[in-house]
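Kindly generate the complete structure, drawing on both the sequences and the hints.
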Amino acid sequence: MTNSGRLRAFIAVGLLPTLFIYAVFVLVPIVWSAYYGFFDWKGIGASKFIGFDNYAEALGDPIFWRAFKNNLIIVAASIFGQLPIALVLSLILRKSTFFQRFVRSAVFMPMVVASVVIGMIWGYIYHPQIGILNFLLEQFGLGSWIRDWLGDPSINMYAVSAPVIWANIGPYLVLFIAAIQNISSEVEDAAKIDGAVKSKWLYMIVVPMIWDTIKVAIVLCISGSLKAFDLIYIMTGGGPAQSTELLATYMYNNTFEVFRYGYGSAVSTLIILISMVLVLGSQLLMRRKQ
Amino acid sequence: MTTDGSLAHKAGPAQNAGRPALSRPFKPKWAWLSNLVLLIYALLTLYPLLWLFLSSFKTNQEFFGKPFALPSTWHFDNYKRAWEIAGIGPAFLNSVIVTLSAIVLTLFLGTLTAYVVSRMNFRFKGLVMSLFVAGMLIPIHSTLVPLFIMMNEFGILDTYASLILPYAAFELPVAIFVVGAYLTSVPKDLEEASMIDGNGYWGTFFRVVAPLAVPAMATIFILGFLRFWNDFAFALVFINNQALKTLPLSLSVFSDGYGTDYSLTTAAMSIAVIPTIVIYLIFQEQIMKGMVAGSVKG
Numbered sequence: 048m049t050n051s052g053r054l055r056a057f058i059a060v061g062l063l064p065t066l067f068i069y070a071v072f073v074l075v076p077i078v079w080s081a082y083y084g085f086f087d088w089k090g091i092g093a094s095k096f097i098g099f100d101n102y103a104e105a106l107g108d109p110i111f112w113r114a115f116k117n118n119l120i121i122v123a124a125s126i127f128g129q130l131p132i133a134l135v136l137s138l139i140l141r142k143s144t145f146f147q148r149f150v151r152s153a154v155f156m157p158m159v160v161a162s163v164v165i166g167m168i169w170g171y172i173y174h175p176q177i178g179i180l181n182f183l184l185e186q187f188g189l190g191s192w193i194r195d196w197l198g199d200p201s202i203n204m205y206a207v208s209a210p211v212i213w214a215n216i217g218p219y220l221v222l223f224i225a226a227i228q229n230i231s232s233e234v235e236d237a238a239k240i241d242g243a244v245k246s247k248w249l250y251m252i253v254v255p256m257i258w259d260t261i262k263v264a265i266v267l268c269i270s271g272s273l274k275a276f277d278l279i280y281i282m283t284g285g286g287p288a289q290s291t292e293l294l295a296t297y298m299y300n301n302t303f304e305v306f307r308y309g310y311g312s313a314v315s316t317l318i319i320l321i322s323m324v325l326v327l328g329s330q331l332l333m334r335r336k337q
Numbered sequence: 005m006t007t008d009g010s011l012a013h014k015a016g017p018a019q020n021a022g023r024p025a026l027s028r029p030f031k032p033k034w035a036w037l038s039n040l041v042l043l044i045y046a047l048l049t050l051y052p053l054l055w056l057f058l059s060s061f062k063t064n065q066e067f068f069g070k071p072f073a074l075p076s077t078w079h080f081d082n083y084k085r086a087w088e089i090a091g092i093g094p095a096f097l098n099s100v101i102v103t104l105s106a107i108v109l110t111l112f113l114g115t116l117t118a119y120v121v122s123r124m125n126f127r128f129k130g131l132v133m134s135l136f137v138a139g140m141l142i143p144i145h146s147t148l149v150p151l152f153i154m155m156n157e158f159g160i161l162d163t164y165a166s167l168i169l170p171y172a173a174f175e176l177p178v179a180i181f182v183v184g185a186y187l188t189s190v191p192k193d194l195e196e197a198s199m200i201d202g203n204g205y206w207g208t209f210f211r212v213v214a215p216l217a218v219p220a221m222a223t224i225f226i227l228g229f230l231r232f233w234n235d236f237a238f239a240l241v242f243i244n245n246q247a248l249k250t251l252p253l254s255l256s257v258f259s260d261g262y263g264t265d266y267s268l269t270t271a272a273m274s275i276a277v278i279p280t281i282v283i284y285l286i287f288q289e290q291i292m293k294g295m296v297a298g299s300v301k302g
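Protein sequences appear in the order of chains A and B. With our numbering as the guide, the letters of the first sequence map in order to residues 48 to 337. With our numbering as the guide, the letters of the second sequence map in order to residues 5 to 302.
Straight-line C-alpha distance at most 25 Å; calculated DMTMM-like pairs for lysine to aspartate or glutamate:
id, chain 1, residue 1, chain 2, residue 2
1, A, K89, B, D162
2, A, K142, B, E289
3, A, K262, B, E289
4, B, K70, A, D195
5, A, K274, B, E289
6, A, K274, B, D162
7, B, K84, B, D265
8, B, K70, B, D81
9, B, K70, A, E185
10, A, K142, A, E233
11, B, K84, B, E66
12, A, K274, A, E304
13, A, K116, A, D195
14, A, K142, A, D259
15, A, K95, B, E157
16, A, K274, A, D108
17, A, K89, B, E157
18, A, K89, A, D108
19, A, K142, A, D236
Keep in mind the hints are simulated off the structure, nothing from the lab.
Here's what the structure looks like:
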């Protein structure tokens, strides 16, 4: 009896502090943000219950939808930029020679660099006066291409997508390499005996065989688009004129720049809902395709 | 669900290394071309970082006058100036304090909980595990506002704790799954022997389980280090006090790019980046696999 009591005490001590910290700092905030979303609150003074007004206002705000569209641009840039590059690289880099390991390490390197630093480096690359990009264009006689990459609303979403792609290819590369190596060699030998050519081999064997991994990668691209906050915040802050606003910068600016805590909480809740819908929706879509 | 974490400890890419069949689809005569493309691609990826380090030794005139040249004289004193004038020294210290504290907390609680969930049975075990999984699907930035409001009410905003606790909270599920998966693969014999020897649960945990789990804990240590050291969003929202600012937060002051001291800024950026790159160069394989395993769950 005392023994099982000791076991129970050990289990309690092993679980409760972890559950406490986890619940207080991860789970409770989600419930609270849904709740605070019902209030008009400036952070100080009294808060006023206003029902669904904050949610309705966000959904009726064109800037909110532009931010949503910008998030989708990042998702598209990841899916159609990162995944094909990573897939092609993974086919070439499956072996483990010294050279291949070097390339793999190089591609992965930006992952360990703080996104603030990546944002600042790309800020210098795009800088209208001192930027390396415009400097290069000038040198190569492409002066007409020179522009304010981060300031021009017609192109700046694509400009900020480039570092997102550049920095995040590494994990997809490693993921695909691992998946390709799990394809059994009999499948491949059979394909070869049947005389499958290279391109066919890729489309008909590799892609279907690692389809599950590709699905995971697409979900990662979707959830990763929300993490682009740091990079965009450093490079443009969501500007100019909210042209590069993302859902996360929209939430940040409304809460901490104009101090609308209730509204910011409502937007936070919408971000969670949107990302859940996108992730689940993409999985349903891909299941049907299969 | 615990099987996810085991990815970090499988042999991974190495396990089928040297299997010749897979290299066939690319004929040898194209090999040099694909290698050339690969080399260019790798250099394209590395160049921005190389540019950063080279720029950090230049003068301001050289920075925008000759962006691609090597520094004419290597100004090591840029680093000294960044450390002192730009206040990078205290920020570095803050980053060390916050990162290490969060890692210790994550490792201790994560390993303890992983031991409990992988070896013991209790009511609501399924529920507890699904809670940890659910948390990993939450976009981290959507918790900024409610966390800010909550910590403001607790009065821990603008303290080290306002970073350490949320860092640990978000990393704990990863730690539990990775260490838990590792422990599941380890035979129970040693623990049982230790229990029979009368070590008790705590003695067994500290003397047998924790030492056994060191490889998995090392993965969590490295991933946690990179994540906490590089974090910007939490520090931006929860820290206001100049004296408590971490490295990424201090750097963001320079991000505007107009009218700043470029040699100072690039030196400060290099100081922030060097520790993570050194860690990366030492633990590459572990980091690659660990990050993939961690992000697959996130």
